[in-house]
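J.: Could you slot chains F and G onto chain W? The hints should help.
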Amino acid sequence: MALLTANAFLSASLLVVCGIFLAETTKLDYPSNVFPYLLVALIAIFALTILGQTLIARRLSDDGGKVRVGNPGKVVTIVITSLIYIAVIEEIGYYFTTGIYLLLLAFVLPPKEMPVRKKVVNAIILSVMVILLIFGVFEIALQVPTPKGMLL
Amino acid sequence: METSVVDLIVAGFINCLAPYHLLLMVLGVAGGIIAGALPGITATMAVALLVPITFVMEPASGLVLLGAIWSGAVYGGSNAAILLNIPGTPSSIATTFDGYPMTRKGEADVALLTSLISSAIGGVVGIIVLLTLFAPLAEVSLKFGKPEYFWLCIFGLTTISAMSSGNVVKGLAGGAIGLLIGTIGLDPAAGVPRFTFGYQPLVQGIQLVPALIGFFAFSQVLSLVESNERFIASYRQTAGLVSKTVSALKAKCIAILVRSSVIGTVIGMLPGAGGPIASIIAYNEARRWDKDHNKYGKGVVEGVAASESANNAVIGGSLIPMMGLGIPGCPVAAVVMGGLLAHGIIPGSKLLVESGDVAYTFITSLLVVNFVMVVVGYFMLRLAANILRVPAYYVGPIVLALSSIGSYALSNSILDVTVMILCGILAYLCSKVGIDPGPISLGLVLGPIAEDALTTSLVIAKATGSVVQVLFLSPLSILLILLSILSAFSPLLIAKIKSQTTEGR
Amino acid sequence: MFGFRNAWGILLAAAVVLLLILGAGCGGQSQKPQTNKAENYPAKLITMIVPYDPGGGSDLVARIFDKYAKEEFGNSFTFVYKPGAGGAVGSTEIAKAPKDGYTIGTVNVPQIVLQSLTGSGAFTVDSFEYICQVASDPQVFVTPKNSPYTDLEKFIAAAKANPGKLTVGIPGAMGDGQIAAYMLMDKAGIKVTVVPLKGGSDLLASLLGNHVNAGFANIGVVTSEQEKLNLLGVTYKERHKFLPSTPTFTEKGYDIQSFIGRLFLAPKGMSPEQVKRLEKGFKNIFDKPAFQEDMKKANFSTDWLAGGDVKTYLQNYNKEAKALLDKYHKK
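Residue numbers (the working numbering), protein chains in the order written: chain W, 633 to 784; chain F, 255 to 759; chain G, 468 to 798.
Hints in this document: simulated from the structure, not taken from any laboratory. What you are looking at is a predicted structure, and each value in this text was computed from that prediction instead of being measured. One or more of the hints may lead you astray.
[Said to hold, decoys possible] The calculated lysine-lysine pairs, modelled on DSBU-like cross-linking and capped at a C-alpha distance of 30 angstroms, are:
#1 Lys716(F) with Lys534(G)
#2 Lys695(G) with Lys397(F)
#3 Lys750(G) with Lys627(G)
#4 Lys658(G) with Lys612(G)
#5 Lys658(G) with Lys716(F)
#6 Lys534(G) with Lys659(W)
#7 Lys397(F) with Lys534(G)
#8 Lys695(G) with Lys658(G)
#9 Lys695(G) with Lys604(F)
#10 Lys604(F) with Lys534(G)
#11 Lys659(W) with Lys794(G)
#12 Lys716(F) with Lys552(F)
#13 Lys659(W) with Lys786(G)
#14 Lys716(F) with Lys794(G)
#15 Lys621(G) with Lys716(F)
#16 Lys786(G) with Lys627(G)
#17 Lys604(F) with Lys764(G)
#18 Lys537(G) with Lys750(G)
#19 Lys627(G) with Lys604(F)
#20 Lys716(F) with Lys627(G)
#21 Lys698(W) with Lys549(F)
#22 Lys789(G) with Lys716(F)
#23 Lys658(G) with Lys780(W)
#24 Lys659(W) with Lys604(F)
#25 Lys744(W) with Lys698(W)
#26 Lys750(G) with Lys719(G)
#27 Lys716(F) with Lys654(G)
#28 Lys686(F) with Lys744(W)
#29 Lys686(F) with Lys359(F)
#30 Lys537(G) with Lys397(F)
#31 Lys706(W) with Lys549(F)
#32 Lys604(F) with Lys763(G)
#33 Lys698(W) with Lys359(F)
[Claimed, not checked] Label pairs and their computed distance ranges (CB to CB):
#34 Tyr669(W) with Glu705(G): 45 to 53 angstroms
#35 Val648(W) with Lys397(F): 41 to 49 angstroms
#36 Ser477(F) with Leu687(W): 24 to 32 angstroms
#37 Gln723(F) with Asp661(W): 20 to 28 angstroms
#38 Pro615(G) with Leu727(F): 16 to 24 angstroms
#39 Pro756(G) with Lys780(W): 34 to 42 angstroms
#40 Arg358(F) with Ala719(W): 56 to 64 angstroms
Here a beta-carbon is modelled for each residue, glycine too, at the ideal position from N, C-alpha and C.
Chain W extracted, bound-state conformation (with noise of 0.2 angstroms):
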């Protein structure tokens, strides 16, 4: 994506977020409500700035470079990923949950060089010691209560 198009992306998302809180705060009251019209007005602002810099730009056939993302595959595997993890969390347990989320994770990630067998050995390990890591510090040491769900 051009970098131009995503500023455009940008200066729309960042009006609907205006609008969006815009509405909530003409049910406060002041001097509630001072503090975010001044930042609802600074980010309208910032936003037209950018969509009038983006315009010029484009007048002057400046394509101000590419957005560019690399490894896309893994990126979006991590964030789809990461979604569901948070998603089934508290059905499921914490410690469990992390485990799988951090073995897919330790998985996907190596380059493709690498052989299936050292991949699927090096995420058993790193899954297990980190888990044990996180499960002697927080649960034994700290007593934090994680939400244990169906497994642990």
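T.: Okay, now just chains F and G, sitting in the frame of chain W:
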């Protein structure tokens, strides 16, 4: 009276140099450094978790332990900031600006040692000020009213204009996004929920620490994955590390260390400001006073020294109003004060009369602990740097798992983990269009303080009848407003002057 | 490849060090699930939800009880901190907790009432079973030492002459101070500007720095710095043991009683036998001289109220607070 204070100080020194107390300091500092280095365990949390343990100890010993953990954690926060670009505690946000670029340049251990020595110097300066001047300074700290806090926050926010590497407008927009996120939750003036969009749990607001972990750690993992590099940075132990670092500090940073330590102490003694603001302002001042501004952000020791000396100086500073008036200067000081109360020691003007022995053991131990920290920290520093030998594709999952438990453990809430991940995705998308996490986090740190200060000023102004009078016309406010204007526009002016001189040539 | 393996070793060593250091202080407690019978209740660890940060006032009170809980209940408590939104998050958590008798919590009056009124907590006064109230700290109405308002009469006269011009600081929006300030406005027929600050320390700083004209401060905050302030009145039914020379509002002719009560409570639906057993246990601890001594050292003023009385009190307070908020607080 004069001799008795000296006697108390000497007795305090003797007491805190007892082997048992030195051992507590070593353990506390080591534990604090580790806790601080882990994203999610802040200095406040590390100290708070240990308070119940000190109930069974002698008051003085318990306080020595708490002080050691506090100092260690504030320094430890810089480790993750330098090595992974993830501030381990909010106080080390500014350390990422130059610390991580140093790591990328292969100077990780130089950055870590700089941070360690600067932290110790800052800590010592803060405590010396506390020991010598706390009574008059405590009174001075009261001069800061809500309007002054508001302008202090604005002054902190002007840092953004200097910090933004590319487009200044985008940096400012990032700051405003951070400020806006900070408004979610309870309305500080009316005490009712707002911007929760019908989702009741959001009433707790977007907590600073999970959001910061997301902004830095989660998005940093995504960047690591993108870069496809095998290691975060090439790292080889620097030969003659100590002499090299010390001579670099001597040559370039003496003025910066002194200035930043003073800034840290002063901001620390203002209840309601704290470590993150101190280190950001110290960083910005270091940059501004330097002839060559442009080297900042590219990995110079000056940046690390400024930020880290300031945040450790906050420790001494934040104890000034606590010892003098019973008003803790920062969240960690508030926790320590809870610990004091539990022992039946009441901080405030009568503390030194009624419990002088315990108080002075505590204060002098905070001085001694800095020297312990240098020794312990030096041994742990190379160990920490070894994280750079772990392939980046395994560092990623480790960081994500620690981020998750860190966010959760803060207030035992899954919502905080969700906030962390969503903030991470947001910061990643923003970085794609040229908005760095720095300005957003700055907005989030300062937003709630600024808003509270502004609305309270407006309420007071309503009673006295004049907004202008209350908000703009006190001498301190005028000073801070002038400083803010100077800070906001100096980068633009300097750029202009520079371009003119180069054109002239 | 050597470097990589080496790194694993170091990581492992770091893990061990971490465990040792963090584990050294605490030492794990093992807990065995046991059968759940009424006569041997409590048969296992009871979880205590504290809706505030560790080290705060509510935590300290609960911790002092915890010191004696082992001999009374056979087990100490497991502490779970759920801070956020001034306690509303944790209180919601208590209301939703399992009703098996093994999750209780500690909250403050009047926050628990006010949060349900403002909608910041998803609960009402009727969402809980009340075990007891163990301490109550009244507020003290104070002005800075150099203020012209050295007694209550002078302040009220000045407020009558300049409606809305005097500022009264309170420790936080929608807390006990807010209601106390509205009570003063109501009973004395005056109008002042209420300034919500960020906690007791912020209020003390604002008072000592002369940024507000007066304030409703918690008695614990004021006691240690009393010579820097004028103490105009205490919101208590009689002269308070911490400040025996300070008059009460009632003495001055204004019937204002307001305090922070520290409560222990359980989710609605827990069996009455279990609630009774806990109430008895807390009372036994409360009556120990050593306990009273600990509370005094930490500046808490102990005040026993049994569970049933707490409930009646809260229901009345709920009505009163609602009327005051409707009258003085903009919606």
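J.: Hint by hint, say whether it matches the structure.
T.: Verification of the hints:
Proximity of Lys716(F) to Lys534(G) is assessed by CA-CA distance (about 49 angstroms); at most 30 angstroms being required, the pair is judged violated. A distance of roughly 15 angstroms separates the Cα atoms of Lys695(G) and Lys397(F); the hinted pair therefore holds under the 30 angstroms criterion. At roughly 46 angstroms between alpha-carbon atoms, Lys750(G) and Lys627(G) are farther apart than 30 angstroms, so this suggested pair is violated. At most 30 angstroms may separate the alpha-carbon atoms for a hinted pair to count; Lys658(G) and Lys612(G) meet this at roughly 23 angstroms.
About 13 angstroms separates the Cα atoms of Lys658(G) and Lys716(F), which keeps this hinted pair within 30 angstroms; it holds. Between Lys534(G) and Lys659(W) the CA atoms are separated by roughly 48 angstroms; this puts the pair beyond 30 angstroms, and the hint is violated. For the hint linking Lys397(F) to Lys534(G), the alpha-carbon distance of about 41 angstroms lies beyond 30 angstroms, and the restraint is violated. With a CA separation close to 26 angstroms, the supplied pair Lys695(G) and Lys658(G) stays within the 30 angstroms bound.
At roughly 12 angstroms between alpha-carbon atoms, Lys695(G) and Lys604(F) fall within 30 angstroms of each other, so this suggested pair holds. This hinted pair checks out: Lys604(F) and Lys534(G) have alpha carbons roughly 28 angstroms apart, not beyond 30 angstroms. Taking the CA atoms of Lys659(W) and Lys794(G), the gap is about 20 angstroms. The hint holds against a cut of 30 angstroms. At roughly 47 angstroms between alpha-carbon atoms, Lys716(F) and Lys552(F) are farther apart than 30 angstroms, so this suggested pair is violated.
For a cut-off of 30 angstroms, the pair hint linking Lys659(W) to Lys786(G) stands: about 26 angstroms separates their Cα positions. Only pairs whose Cα atoms come within 30 angstroms are accepted, and Lys716(F) paired with Lys794(G) is accepted, the gap being roughly 19 angstroms. Of the pairs offered as hints, the one joining Lys621(G) and Lys716(F) holds, with about 22 angstroms between alpha carbons and a cut-off of 30 angstroms not exceeded. A hinted pair counts as satisfied when its Cα atoms are at most 30 angstroms apart, and Lys786(G) with Lys627(G) qualifies at roughly 27 angstroms.
The hinted pair formed by Lys604(F) and Lys764(G) meets the criterion: a straight-line CA distance of about 15 angstroms does not exceed 30 angstroms. Pair hint Lys537(G) plus Lys750(G) holds up; C-alpha atoms about 14 angstroms apart against a cutoff of 30 angstroms. Of the supplied pair hints, the one linking Lys627(G) and Lys604(F) is violated, its CA atoms being roughly 37 angstroms apart against a limit of 30 angstroms. Note on Lys716(F) and Lys627(G): the hinted pairing holds, with a Cα-Cα distance of about 17 angstroms set against a maximum of 30 angstroms.
As the CA atoms of Lys698(W) and Lys549(F) are separated by approximately 26 angstroms, the hinted pair is consistent with the 30 angstroms bound. In summary, the hint linking Lys789(G) to Lys716(F) is supported, as the alpha carbons are separated by about 25 angstroms, within the 30 angstroms threshold. A C-alpha spacing of about 53 angstroms is found between Lys658(G) and Lys780(W), which places the hinted pair above 30 angstroms, so the restraint is violated. Proposed proximity of Lys659(W) and Lys604(F) is contradicted: the alpha carbons are some 47 angstroms apart, above 30 angstroms.
Simply put, Lys744(W) and Lys698(W) have alpha-carbon atoms about 26 angstroms apart, close enough for the 30 angstroms limit, and the pair holds. Restraint check: the Cα-Cα separation between Lys750(G) and Lys719(G) comes to about 34 angstroms, which exceeds 30 angstroms; the hinted pair is violated. A hinted pair counts as satisfied when its Cα atoms are at most 30 angstroms apart, and Lys716(F) with Lys654(G) qualifies at roughly 23 angstroms. The hinted pair formed by Lys686(F) and Lys744(W) meets the criterion: a straight-line CA distance of about 25 angstroms does not exceed 30 angstroms.
Distance check on the hinted pair: Lys686(F) and Lys359(F) sit about 23 angstroms apart at the alpha-carbon level, within 30 angstroms; holds. For the given pair, Lys537(G) sits about 48 angstroms from Lys397(F) by alpha-carbon distance, which is inconsistent with the 30 angstroms threshold. Taking the CA atoms of Lys706(W) and Lys549(F), the gap is about 34 angstroms. The hint is violated against a cut of 30 angstroms. Taking the CA atoms of Lys604(F) and Lys763(G), the gap is near 17 angstroms; set against the 30 angstroms cutoff, the hint holds.
With a C-alpha separation of about 26 angstroms, the suggested pairing of Lys698(W) with Lys359(F) holds against the 30 angstroms cut-off. For Tyr669(W) and Glu705(G), the Cβ-Cβ distance of about 48 angstroms falls inside the hinted range of 45 to 53 angstroms, so the restraint holds. In this structure the hint that Val648(W) and Lys397(F) lie 41 to 49 angstroms apart at CB holds, the actual value being about 43 angstroms. Evaluation of the 24 to 32 angstroms hint for Ser477(F) and Leu687(W) yields a pass: the beta carbon distance comes to about 30 angstroms.
Against the hinted window of 20 to 28 angstroms, the Cβ-Cβ separation of Gln723(F) and Asp661(W) comes to about 23 angstroms, which satisfies the hint. A beta carbon spacing of about 23 angstroms between Pro615(G) and Leu727(F) agrees with the range 16 to 24 angstroms that was offered as a hint. Separated by about 40 angstroms at the C-beta atoms, Pro756(G) and Lys780(W) satisfy the suggested range of 34 to 42 angstroms. Taking the beta carbon of each, Arg358(F) and Ala719(W) are about 35 angstroms apart, not inside 56 to 64 angstroms as hinted.
In this structure, the earlier hints numbered 1, 3, 6, 7, 12, 19, 23, 24, 26, 30, 31, 40 are contradicted, and the remaining ones agree with it.
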